[in-house]
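K.L.:
Input sequences plus hints: build the corresponding full structure.
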Amino acid sequence: MLRLNHPARLALLVALLGFIGTELAAALDDNENVAVQVWAIRATRKNSVVSPELKSIADQLKKQFKYTGFKLEAQRSGTVGLGQTYSTSLIGGYSAKITPEKHDGKRVQLQVEILKGKERKLRATVTLSVGRFQFFGGQSLTGGDALIVGTAAR
Amino acid sequence: MNAIPGDNPERLLEALRSADLDQFSPEEVARIEGLLNSRPDLASVVGEQPATPDAGLASVLRQSSAPQTPSASEWESVWENIETAPATTANQPSRRWLHWWTPLTAIAAGLLLGIVWRSAPAPTTAPWPLQLATDVEIQSLEVYGDATPMIVSTGGTDSIDVIWVLEDEG
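Top line first, the protein sequences correspond to chains A and B. For the first sequence, numbering that gives the first Met the number 0 assigns the number 0 to the initial residue and increments by one for each residue that follows. For the second sequence, numbering that gives the first Met the number 0 assigns the number 0 to the initial residue and increments by one for each residue that follows.
No lab work stands behind these hints: they were computed from the structure. A virtual CB, placed ideally from N, CA and C, is assigned to each residue, including glycine. Take the hints with a grain of salt, since some may be wrong.
Unchecked claim - Chain A regions said to be covered by chain B (calculated; three or more residues, Cβ under 8 Å):
1) 41-52
2) 81-93
3) 108-121
4) 125-137
As the list claims (entries may be wrong) - Among chain A residues calculated to face chain B with C-beta under 10 Å, some are:
5) LEU11
6) LEU16
7) ILE19
8) GLN36
9) TRP38
10) GLN59
11) LEU60
12) LYS62
13) THR141
14) ALA145
15) ILE147
16) GLY149
17) ALA151
18) ARG153
P.N.:
Shown next, in the form of structure tokens:
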């Protein structure tokens, strides 16, 4: 039988309970956290190379846009709380800021900003199913290529 | 000073015991010496007697040879101090503070461990499989400069909407 009459034993119990409490609080807080992914795709007319991750959508993109090659050049990911902003650099001097605003478990509302250097190029607020990607494209890259930014959250 | 008895050894011994030897006059000492020299039987009886120390020296000798033991009252005082010592110590604020130092340190260590545990960088999320959103709601869309926003639908059963920006190439 554990006796708690010694101050050191009592302190160890308190410390253990404190640690468990911290972990529980963090676990509850994790429910408010949102995982975010940002992909940077280079669309080009110079070749027909398609990254393996994009094979499933390459035909749809080719039909609608004048580009033939789609290369996934950067994959970024992070976790932020609701109302907090996940910032990441992309390619060609572009960067993205993703702010999850609402999350009900099935759908998530994101504010998406795309910047080149410090200059804001696009800002949008979209609501989509968790884990599904939305593409934002058209920003120019060198050589006539275009940047397509895909973002998802869950 | 009594007369020195010369014919009775018992009386001579009694006289030597009861008198301070320093009080004998030289003549009396000489007489005793002569008596003892002429009476071997008397000399042997006197020689067998233990020496009688001086009264002052004897007192000093007793004090120096006897172990110094506390008196009963001193012992009583010592025991009282022993019995009251724990209570006195517990009432000292500095000792109380030391008493809680160990548990406080343990609690601080536990909290620090929790903070460090939570501060560890979260593992990078592995890339998700690409599934495009087909039910996107666009609440707002702004572009800057001379760019023009477009919503381009790929069409078909798996139609997706791509938000496209036409930049002014001029």
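K.L.:
If a hint holds in the structure, say so; if it does not, say that too.
P.N.:
The hints, checked one at a time:
Counting residues of the segment 41-52 of chain A whose CB lies closer than 8 Å to any CB of chain B gives 1, so the stated coverage by that chain is violated, three being the minimum. Coverage of the segment 81-93 of chain A by chain B is violated [criterion: at least 3 residues with CB-CB distance below 8 Å; count 0]. With a threshold of 8 Å between beta carbons, the proposed coverage of the segment 108-121 of chain A by chain B holds, since 5 of its residues qualify and at least three are required. For a cut-off of 8 Å, the count of residues in the segment 125-137 of chain A with a CB near a CB of chain B stands at 12, and the three-residue condition holds.
The criterion of a C-beta within 10 Å of any C-beta in chain B is met by LEU11 of chain A, whose closest approach is roughly 6 Å, and the hint holds. Of the supplied interface hints, the one on LEU16 of chain A holds, with its beta-carbon coming within about 9 Å of a beta-carbon of chain B, less than 10 Å. Checking ILE19 of chain A against chain B by beta carbon gives a least distance of about 9 Å; that is within 10 Å, so the hint holds. Given hint, GLN36 of chain A at the interface with chain B, holds; its Cβ is 6 Å from that chain's nearest Cβ, closer than 10 Å.
With a least beta-carbon distance of about 8 Å to chain B, the hint placing TRP38 of chain A at the interface is held under the 10 Å criterion. Hint status for GLN59 of chain A: holds, given a least beta-carbon distance of 4 Å to chain B, under 10 Å. Nearest Cβ of chain B to the Cβ of LEU60 of chain A: about 7 Å, under the 10 Å cut. The hint holds. Using the Cβ-Cβ criterion of 10 Å, the hint placing LYS62 of chain A at the interface with chain B is satisfied: the shortest such distance is roughly 6 Å.
Interface hint status for THR141 of chain A: violated, as the beta-carbon distance to the closest one in chain B is roughly 13 Å, over 10 Å. For ALA145 of chain A, the suggested interface contact is upheld, since its CB lies about 9 Å from the closest CB of chain B, less than 10 Å. The interface hint given for ILE147 of chain A is met, as the beta carbon of that residue sits about 8 Å from the closest beta carbon of chain B, less than 10 Å. Annotation: interface hint on GLY149 of chain A holds; nearest CB of chain B at approximately 8 Å, less than 10 Å.
Residue-level restraint check for ALA151 of chain A holds (minimum Cβ-Cβ distance to chain B is 6 Å; threshold 10 Å). Annotation: ARG153 of chain A was flagged as interfacial toward chain B, and the flag holds, the nearest CB pair being 8 Å apart, inside 10 Å.
Violated hints, listed in ascending order, are 1, 2, 13; each of the other numbered hints is respected by the structure.
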